[in-house]
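If you read the protein sequences in the order shown, they are chains S and W.
Counting from 1, one number per residue, gives the positions in the first sequence under the UniProt record's numbering.
Counting from 1, one number per residue, gives the positions in the second sequence under the UniProt record's numbering.
It should be emphasised that the hints constitute simulated quantities derived from the structure, not laboratory data.
Predicted model only: the values in this text are computed from it and were never measured.
The C-beta atom is built at its ideal place from N, Cα and C for all residues, glycine as well.
Be careful, since some hints might not be right.
[Unchecked claim] Beta-carbon label-pair distances, calculated as ranges: (1) W:Lys67 - S:Asn58: 33 to 43 angstroms; (2) W:Ser193 - S:Lys155: 26 to 36 angstroms; (3) W:Lys67 - S:Val253: 35 to 45 angstroms; (4) W:Leu266 - S:Gly95: 37 to 47 angstroms; (5) S:Phe93 - W:Glu241: 29 to 39 angstroms.
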Amino acid sequence: MYSEKTFPIKLVAGLIALFIAAPMFIVIPMSFSTAPSLEFPPPGYWLGYYQRFFTDRNWTLPLFNSIVIGLGTTVLTLALAAPAAFALVRHDFRGKALLNLVLMMPLVVPHIVMALAYYSYFGALRLVQSYTGLILAHTCLSMPVAILILTAALKTFDRNLERAAANLGSRPLTTFRLVTLPVLKPAFLVAGLFVFIHSFDETVIALFISGRDTTTLPRQMFNSFLMQADPVLSAASSVLFTAVLIAVAVPAVMRAMRRRRPTPGRA
Amino acid sequence: MGSSVSRLLRGPAVLYLPAALFLLVFFLVPLFNVAWMSFTEPDTGVGNYIAFFSSSFDVGVLLNTFKTAAIVTLTSLIFAYPVAYVAARYGGAFGSFLLIVVTLSFWTSFLVRTYAWMVILGVKGPITAALVMLGWSPPPQILFTTFASTFAMTHLLMPFMILTLYAVMRRIDATYMRAAAGLGAKPLKAFTSIYLPLSLPGIANGSVLVFITCLGFYVTPVLLGSPRDKMIAGRIGDEIEQMLNFGGASAMAMVLLVATLGLFALYSRFFGLDKLWK
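Bound conformation, chain W alone (with noise of 0.2 angstroms):
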């Protein structure tokens, strides 16, 4: 016994352990906490479940956010994609003042930029104003509407998405593309037939990172988006605060839990967990 604990204390478990130690007592406890009081908070079994799934408004809100975060990682990819192509492909000033832009986006708070939307988008804002100038009259109710939330959290999320893809971008040896050029493919030939390809692990890694932040946001649609079509995080922040349903909120929080650990799970096992931070 004493030997095997002094083994111990010269092995590396004496370097991980305060933090396995730490992350157990801290983060899986507490995450066990709440699958457990998915099973017993009020009563034992799996009512608190069969009640969301057979509530459609529950489904419903569920099925909404799928589709939101589909949609919102389809927008932003297409929109992130020129953006880290042209600072991979072509660097120089216009590359570096791209990703300087981005960089500075992608740092500044969620908040902060939920807050600029709220500005632009409102009443009083400056898209209203060119609808009314525009002879839009009365001008369409932007702010706390889906289309709001949908398309802040675009913004939110391109960033991301453009760092994401300009990673793999960036490794593409610009050599393939001259050498495509110089056997006489014309450029959107030898774009989707050499970049394109080499680019999916970009498209692949950054869609399911946006994907599963867009499920779990909470911020953004509770203060831009629409009070009837909710988002899965904020109908369990209702049941918290307002409902005081913990075994409600619970049973919501596994499901949102599953669904965004079994994407994760699918695409480490398909691409590799590793080679994201290999």
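For reference, chain S alone in the conformation it holds in the complex (with noise of 0.2 angstroms):
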């Protein structure tokens, strides 16, 4: 029997994850940089950027519309994904499978096309430059993410909860307040928050139709880099990277402690 030797490719495997996460350690760095444009390694650190980014307008109102436009498109998405995830996992029906593709279809079609569709098409609604027209734009892009996440956890659903609710005499709106609601409220919560990210960062679309007041802070993020001087960019892409850092480590973390941790009794 050959013993399999792991070093070299565990070597390489590693040499790869830091060039994954290179951009990083830049990033950070650059924005405590005193330099007024792009420098690396910066000249001098302060903290004069953040400060911009919190308090000109010029960036904090694209911040402020891009967590309304996210808030309002995790709503409506769920708001039509949810009930639509239930008739895909519990029900069968003539078109269903049609109803998957253009369920699923948004996830496919360059931005750009769609970026050029809602351009002319809610130019004629009069829908350019609003809330409105980003929330609906976004709502469309967002719905295979929802779906996704939804059908998957309704699948793994017990149905025998529900069953075991109405046979102890529940109403089936009362079943689906106190059971099914309660246990699919950890998906739900996952969705939402990927239906945020995923407005949040969209730029192509919001490229095209949002406008002066109602900028997202990706369009402000890509203006300013096309001006190339606007070193306020690298705050704001640290503030973003922090945000994530928070999002996926945190949760990382408490898993980890909670496996070392000896199983609580239950009693």
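Hints in hand, dock the two standalone chains.
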């Protein structure tokens, strides 16, 4: 029997992981840099660009807009996707395959195609440069994400819980409220979070249909890219990265800590 | 009539109709409108398509787009495979570490990562500084070249590839490899005749998804790429913003859309569309 040497391949994987993480080692120091243009390593450090990111209206308004649009998109997407997910998992009906196809299609259609589509369509409906237009557009694009997460959760849902509730005399709506909904709550939260991030990060459509007053954060970042001069961009990037870091790392660390602790006895 | 309406209301239709109608009005109709404009703006007919395919510049853009997507897909596959392999095969603390790095990168906005590459590859960045130190003077222009955008896109899509590969590799039974070793197969032989074939669905999934995403990539090529070697998405953007040529832009958008959906349909025919989310 041959013993397998695992070290070389692990080293390769580690180096590639380092390459994947590399940009973050740049963005964070850059955000504290005093350099007015892209310069690395930084000549000096201060907090001035963070201050501008959180006080300059050119940045606070887009941040606010992105949050409003993200929240609106999350609510509307979940309201539409949740019932559809129930229909897909629990019912058989004519045209189900077609429905599935339409629900998934926004995942594959390139964003630039939809940007052109909304630019002309919402132009005719007078919805360009409005919150409504962006929320409607982002809801379409987020629908597949929400459907995928919710149907996956629903498939593993044990329907015996509902049957037990019904046997005990609970009416369907009460069962839904007291049994189905609490069990599915984590899935709803995850779906909501993913949809929010999807909308918050979306750049291409926002570039074409958001106006001066509804500029989103990605659009503002893209524009300061083109001007190449605005160093607040690095502070904005670091804030976004830190948000992701917290969202990803905190649950991972918590899981690791729970694993290490001895499982508490359940009396 | 009344009874059929009430039957409809009791069935699943009441659950899925809101979503279906929403997508019809705010997704399919705008999309059909693009197809319509490509044949009617400014004149009825296939003029926009003839103009596109007879322009050597535009055909060059289209070919360049496919070429770039192919390079990005292949490169990211080569780099993604070892990471997914180690994470799936050996797991442990190191495997979790790899997955956390990949997930972090995956969730970090494209713009943020593109910005990082702009700094790294820029005139005052570390790469240029290193090249100058090694005696390459004057240093080569890296930013705003096809190399820069291809490189950055590979980096952007690699986490996508790794997670898709990992999803398939995680389900490969470790005992197969041990059995092969027990029967006397050398590690490389065991890998090529057992592990690699079993991971093929992951390779197919990842490659098609990365290729399709790359075809329609707008942000990174526009920000980091060469203004001369455009990709089709950037070209569409120019037609809208600078030329206000909606007919021409629509025809290009249809070419991109047909290429994307065609590839996806072909892929789902061979690998089963539903396998992706079942």
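We went through each hint and held it up to the structure:
1. W:Lys67 - S:Asn58: 33 to 43 angstroms: At roughly 38 angstroms between Cβ atoms, Asn58 of chain S and Lys67 of chain W fall inside 33 to 43 angstroms, so the hint holds.
2. W:Ser193 - S:Lys155: 26 to 36 angstroms: 34 angstroms, holds
3. W:Lys67 - S:Val253: 35 to 45 angstroms: Holds, since Lys67 of chain W and Val253 of chain S (Cβ atoms, about 43 angstroms apart) stay within the stated range.
4. W:Leu266 - S:Gly95: 37 to 47 angstroms: 24 angstroms, violated
5. S:Phe93 - W:Glu241: 29 to 39 angstroms: Distance hint for Phe93 of chain S, Glu241 of chain W is violated at roughly 43 angstroms.
Hints 4, 5 from the list above are not met by this structure, while the remaining hints are.
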